[in-house]
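Engineer: Residue-level listing of the chains:
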Amino acid sequence: MEPTPPGASYAAIERERGYLLRYAQLQLRDSVQAEDAVQETLLAAVEGAARFSGRSALRTWLTGILKHKIIDQFRRNGREQPLAAAGDERPEADIVDALFAGDGHWREFQSEWGDPATALENSRFWTAFELCAQRLPARTARVFMMREVMEMPTEEICQELNITATNCWVMLHRARLTLRECLDTTWFATPRR
Amino acid sequence: MIPSCRTASELLSQGQDRPLTLPEQFRLRTHLLICKRCRRFSRHLDFLRMAIRRYRDRE
Chain S
1 MEPTPPGASY AAIERERGYL LRYAQLQLRD SVQAEDAVQE TLLAAVEGAA
51 RFSGRSALRT WLTGILKHKI IDQFRRNGRE QPLAAAGDER PEADIVDALF
101 AGDGHWREFQ SEWGDPATAL ENSRFWTAFE LCAQRLPART ARVFMMREVM
151 EMPTEEICQE LNITATNCWV MLHRARLTLR ECLDTTWFAT PRR
Chain C
1001 MIPSCRTASE LLSQGQDRPL TLPEQFRLRT HLLICKRCRR FSRHLDFLRM
1051 AIRRYRDRE
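Residue numbers (our numbering), protein chains in the order written: chain S, 1 to 193; chain C, 1001 to 1059.
Since the hints were derived computationally from the structure, they do not count as laboratory data.
Using N, Cα and C, we set each Cβ at its ideal position, and we do this for glycine too.
A hint or two may mislead.
To be verified - Output of the computed footprint for chain S on chain C, the stretches with three or more beta carbons under 8 angstroms from beta carbons of chain S:
(1) 1004 to 1012
(2) 1040 to 1054
What the hints assert, rightly or not - Which residues of chain S face chain C? A few of them, derived with a C-beta cut under 7 angstroms, are:
(3) Ala-11
(4) Val-149
(5) His-173
(6) Leu-179
(7) Cys-182
What the hints assert, rightly or not - Non-contacting residues of chain S with respect to chain C, defined by C-beta distances greater than 10 angstroms in every case (computed):
(8) Arg-22
(9) Asp-36
(10) Arg-51
(11) Arg-76
(12) Gln-134
(13) Ala-189
Take the sequences, apply the hints, and build the full model.
Structural biologist: Below, the structure written as structure tokens:
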């Protein structure tokens, strides 16, 4: 016999709001749009609470709904103002070129980051992390967050954004290099606080 | 042929997004054996992935 689906309580759904907001904010980079996406998600969740089977974690279920809301928002944004028109990708390509010498060697020695787990325990590290993530150009950030926050496979990202796999890998590489450089400069290379 | 650091960094990054082919894995490993900078870069990439997920999931 099938067990009765336990459903999800309003309080339990509401408890995930902070997590969902952080998730949406990373992805949308706009607090109003993030609030809206989360609000719509919570509403859909409350309306469909009985459908929650309890087999997946509540957070996983809510995140699945939120992903759709975020992608809908991307599509609306894309219609209103295509990202390609933002023209913000060039400086970043220059940043990557600046990291390597003509023969393909690193220009600078990679500094040792020590035990990174220590940084993760420091709340000021997260401030630096947020600032660095915000500094990524919009299009690059979108691809990177789809990959790392939503954990979408590159094929899905390519399909959604209508770009080639190679383009996607180039953008992810740039995003990682840029983020690494920024964390290195603003956190790891500065004297320990 | 041993790839440059730039190519190695591309392979390290792509290794987080798709399975590398056997020749790519071989070239990358050969490079990493002799390149301390790229070994560090590889650890930094792992750290970035861990950090962003920790950021996302922290209470």
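Engineer: Hints first: check each against the structure and report whether it holds.
Structural biologist: Cross-check of the supplied hints:
1. Coverage of a stretch by a chain is defined here by at least three residues with a beta carbon nearer than 8 angstroms to that chain's beta carbons; for the stretch 1004 to 1012 of chain C and chain S the count is 6, and the condition holds.
2. Residues of the stretch 1040 to 1054 of chain C lying with their CB closer than 8 angstroms to a CB of chain S number 13, which satisfies the three-residue condition for coverage.
3. Nearest Cβ of chain C to the Cβ of Ala-11 of chain S: about 16 angstroms, over the 7 angstroms cut. The hint is violated.
4. Annotation: Val-149 of chain S was flagged as interfacial toward chain C, and the flag holds, the nearest CB pair being 5 angstroms apart, inside 7 angstroms.
5. For His-173 of chain S, the suggested interface contact is upheld, since its CB lies about 4 angstroms from the closest CB of chain C, less than 7 angstroms.
6. Satisfaction of the interface hint for Leu-179 of chain S is found here, the shortest Cβ-Cβ separation to chain C being roughly 6 angstroms, below the 7 angstroms cut-off.
7. Interface restraint check for Cys-182 of chain S: the shortest CB-CB distance to chain C comes to about 11 angstroms, outside 7 angstroms, so the restraint is violated.
8. Some Cβ of chain C comes within 10 angstroms of the Cβ of Arg-22 of chain S; the nearest lies about 6 angstroms off, and the non-interface call is violated.
9. Residue placement check: Asp-36 of chain S keeps its beta carbon more than 10 angstroms from all beta carbons of chain C (closest about 19 angstroms).
10. No Cβ of chain C approaches the Cβ of Arg-51 of chain S within 10 angstroms, the least distance being about 24 angstroms, so the stated non-interface status holds.
11. With 10 angstroms as the threshold on Cβ separation, the claim that Arg-76 of chain S sits away from chain C holds: the shortest Cβ distance comes to roughly 23 angstroms.
12. Listed as outside the interface, Gln-134 of chain S is consistent with that label: its C-beta sits roughly 13 angstroms from the nearest C-beta of chain C, beyond the 10 angstroms cut-off.
13. Distance check for Ala-189 of chain S against chain C: the nearest CB is about 12 angstroms away, which clears 10 angstroms, and the non-interface claim stands.
In terms of the numbered hints stated before, the structure departs from hints 3, 7, 8, listed from lowest to highest.
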